[in-house]
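*Asks:* Which chain is which? The protein sequence lines are A and B, in order.
1 is the number of the first residue of the first sequence in my numbering; add one for each residue after it.
1001 is the number of the first residue of the second sequence in my numbering; add one for each residue after it.
Just so you know, the hints here were simulated from the structure itself, not pulled from any lab data.
This one's a predicted model, so the numbers in the text were calculated from it and none came from an experiment.
Beta carbons are placed, not taken as given, at the ideal position from N, Cα and C, and that holds for glycine.
One should not assume that every hint holds.
[To be verified] If the Cβ cut is set under 10 Å, some of the chain A residues that face chain B in the computed set are:
(1) Tyr178
(2) Thr204
(3) Tyr289
[To be verified] Beta-carbon label-pair distances, calculated as ranges:
(4) A/Asp293 / B/Ile1062: 54 to 64 Å
(5) A/Ile118 / B/Glu1254: 39 to 49 Å
(6) A/Pro203 / B/Thr1063: 51 to 61 Å
(7) B/Thr1064 / A/Asn281: 31 to 41 Å
(8) A/Asp285 / B/His1104: 43 to 53 Å
(9) B/Ala1033 / A/Ser210: 35 to 45 Å
(10) A/Thr64 / B/Thr1204: 29 to 39 Å
(11) A/Gln151 / B/Thr1071: 32 to 42 Å
[Unchecked claim] Here are some, though not all, of the chain A residues that point toward chain B, as calculated from beta-carbon distances under 7 Å:
(12) Gly153
(13) His198
(14) Asp202
(15) Gln218
(16) Asn277
(17) Asn278
(18) Arg290
(19) Thr299
Protein chains: 2
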Amino acid sequence: MSRVIVVGAAQLGPIQRAHTRQDVLKRLMALMAEAASRSCDVVVFPELALTTFFPRWFEPDITTTNHFYETQMPSSVTQPLFDEARRLNIAFCLGYAELTHDGHRYNTQVLVGKDAKIIAHYRKIHVPGHEHHEPDRPFQHAERYYFEPSQDGFGVWNALGGRIGMMICNDRRWPETYRVMGLKGVEMILCGYNTPLHYAPDPTQDRLQSFHNSLVMQSGAYQNGTWVVGVAKGGCEEGVDSLGDSAIIAPSGEIMAQATTTDDELLTYACDLDWCNNYKNTLFDFNRYRRPDMYSSITAQRGVVLD
Amino acid sequence: MSRVIVVGAAQLGPIQRAHTRQDVLKRLMALMAEAASRSCDVVVFPELALTTFFPRWFEPDITTTNHFYETQMPSSVTQPLFDEARRLNIAFCLGYAELTHDGHRYNTQVLVGKDAKIIAHYRKIHVPGHEHHEPDRPFQHAERYYFEPSQDGFGVWNALGGRIGMMICNDRRWPETYRVMGLKGVEMILCGYNTPLHYAPDPTQDRLQSFHNSLVMQSGAYQNGTWVVGVAKGGCEEGVDSLGDSAIIAPSGEIMAQATTTDDELLTYACDLDWCNNYKNTLFDFNRYRRPDMYSSITAQRGVVLD
């Protein structure tokens, strides 16, 4: 018997600074309604899906950016999305900036069940970019100023009839991300991202953004026998062009659906979780074939050590 | 200033059981001469480059297969390859079955310098396939019967003006392989392989052999900022079709040269090791961005643990 989750990957086009939460909520609810009409069990929204990608600006007084963060989820503003999910009987995954009551700031994603109850929180572990203002860049990528790295670790939750994990944006470039979840038996990883096409530290990588995005998600899927759902906020946001290329990727590493625009766009695919076993029980039978005694440096050291 | 290694990837077509070591040596020396004429610094031969891929047969008395193994390297039979390398001033990498004096059997690769002295040995860590006879398969893949897994770990050596690592065949499917070498600052990984197109435990993977082969080497290269040189023994060997697709892959993950046949074929590329730094010093600055405290399960457990 197959175990199928019908997934909707709800790519967003740009959210400009002038757009209100209400403007954005309308777009999310339209995509959610479309997903429900296409029989989706879950709709996946991008990283920082409620606001513009504000780490592109450096504000010396960080408290002046508090309005970009959510202090509760749901809030009175986001409650309608939860209500609509319950009405439509659809789960969803949503990325947003989180400001905790004790003043911590995280890049966060929640998984919300069909009953509109939060199943799981995930806070970004691999926070990219820089800590300080770098005025020579055409735009900032100051995520390490705006967000603390999670200390909570990666999670995999029993949800939607399978083993569901989450990661956010830059997490997807690190094979450890997939492996830690693979070792927890993950069958589907939900991932939102915002990826500017221009990478200031090394512009030779700009032409490869699309290739690299697919490469890391496809290999992570294959090497762990898991579905990966990657969902972009793309297009030209406040003058910065960002990658679309949202994709639903099979445990074989194959791209089963991919966005063709950089705007609001829904992709859907009926994902059979039992396909994971074709890989988990053969080539990537971890218990039979892994050699953790040979991997000690992966956890024993952070950076390169030349012997 | 750039640091360029001109690499020759010397793919081999099939080696049938009836072919002698001398037959094979002729082919290796022809490819080595071609590589030297094309200014290569090093020529890379496949896994088990001196014999047919004998793990496809199960011999209950393993000692009857001793003739497939080398008990010394070089031996009187393989010495001419070393002599020719010294004469041509070219380094080489060679895979073969190793039988030690105390009776251990390994799937081994050596890196030999331009002076024909052995720089490094590597023994395969991720030994795939099965331990026992499985008569229902159209052919065996009994590597786990014929070879012990290495206990020596992955190495990276100062050679050819750079940091050179080695892996063999199935090692390339495991992201830990690249990462352990990446943490030693590897700039080029040399990898021989024999990959039958038919995978008996899950034939749905057969149509994807070429895609998977490229996917894992390209992602491993990109995620560690290293060159990867993958070299096949391909074609129809003793009735078993095997993948060609030998490739020279850049630190960007791009394929810079790839075989177009499944026969003896030399690919060459001038590999600039300084390209590695574009990745090692930016996106994949491990010391800045890795989170080993979040990866503990990678070394603490071998198989999947459901919590």
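*Asks:* Taking the hints in turn, state whether each one holds.
*Replies:* Hints and how they fare:
1. For A/Tyr178, the shortest C-beta to C-beta distance to chain B is roughly 8 Å, which falls under 10 Å, so the interface hint holds.
2. Nearest Cβ of chain B to the Cβ of A/Thr204: about 6 Å, under the 10 Å cut. The hint holds.
3. Using the Cβ-Cβ criterion of 10 Å, the hint placing A/Tyr289 at the interface with chain B is satisfied: the shortest such distance is roughly 6 Å.
4. In this structure, A/Asp293 and B/Ile1062 break the distance hint of 54 to 64 Å, their C-beta atoms being roughly 25 Å apart.
5. At roughly 41 Å, the beta-carbon separation of A/Ile118 and B/Glu1254 lies within the given 39 to 49 Å, and the hint holds.
6. Hint check: A/Pro203 to B/Thr1063, Cβ distance near 60 Å, so the stated range 51 to 61 Å holds.
7. The supplied range of 31 to 41 Å is met by B/Thr1064 and A/Asn281, whose beta-carbon atoms lie about 33 Å from each other.
8. Taken as a hint, the range 43 to 53 Å is violated for the pair A/Asp285 and B/His1104, whose Cβ atoms sit roughly 25 Å apart.
9. Hint check: B/Ala1033 to A/Ser210, Cβ distance near 41 Å, so the stated range 35 to 45 Å holds.
10. At about 55 Å, the CB distance of A/Thr64 to B/Thr1204 disagrees with the hint of 29 to 39 Å.
11. Against the hinted window of 32 to 42 Å, the Cβ-Cβ separation of A/Gln151 and B/Thr1071 comes to about 53 Å, which falls outside the hint.
12. For A/Gly153, the suggested interface contact is upheld, since its CB lies about 5 Å from the closest CB of chain B, less than 7 Å.
13. With a least beta-carbon distance of about 13 Å to chain B, the hint placing A/His198 at the interface is violated under the 7 Å criterion.
14. Checking A/Asp202 against chain B by beta carbon gives a least distance of about 5 Å; that is within 7 Å, so the hint holds.
15. Using the Cβ-Cβ criterion of 7 Å, the hint placing A/Gln218 at the interface with chain B is satisfied: the shortest such distance is roughly 6 Å.
16. A distance limit of 7 Å between C-beta atoms decides the matter here; for A/Asn277 the minimum to chain B is near 9 Å, and the interface restraint is violated.
17. The beta carbon of A/Asn278 is positioned within 7 Å of a beta carbon in chain B (closest approach about 5 Å), and the interface hint is therefore held.
18. For the restraint placing A/Arg290 at the interface with chain B, the shortest Cβ-Cβ distance is roughly 5 Å, inside the 7 Å limit, so the hint holds.
19. Annotation: interface hint on A/Thr299 holds; nearest CB of chain B at approximately 5 Å, less than 7 Å.
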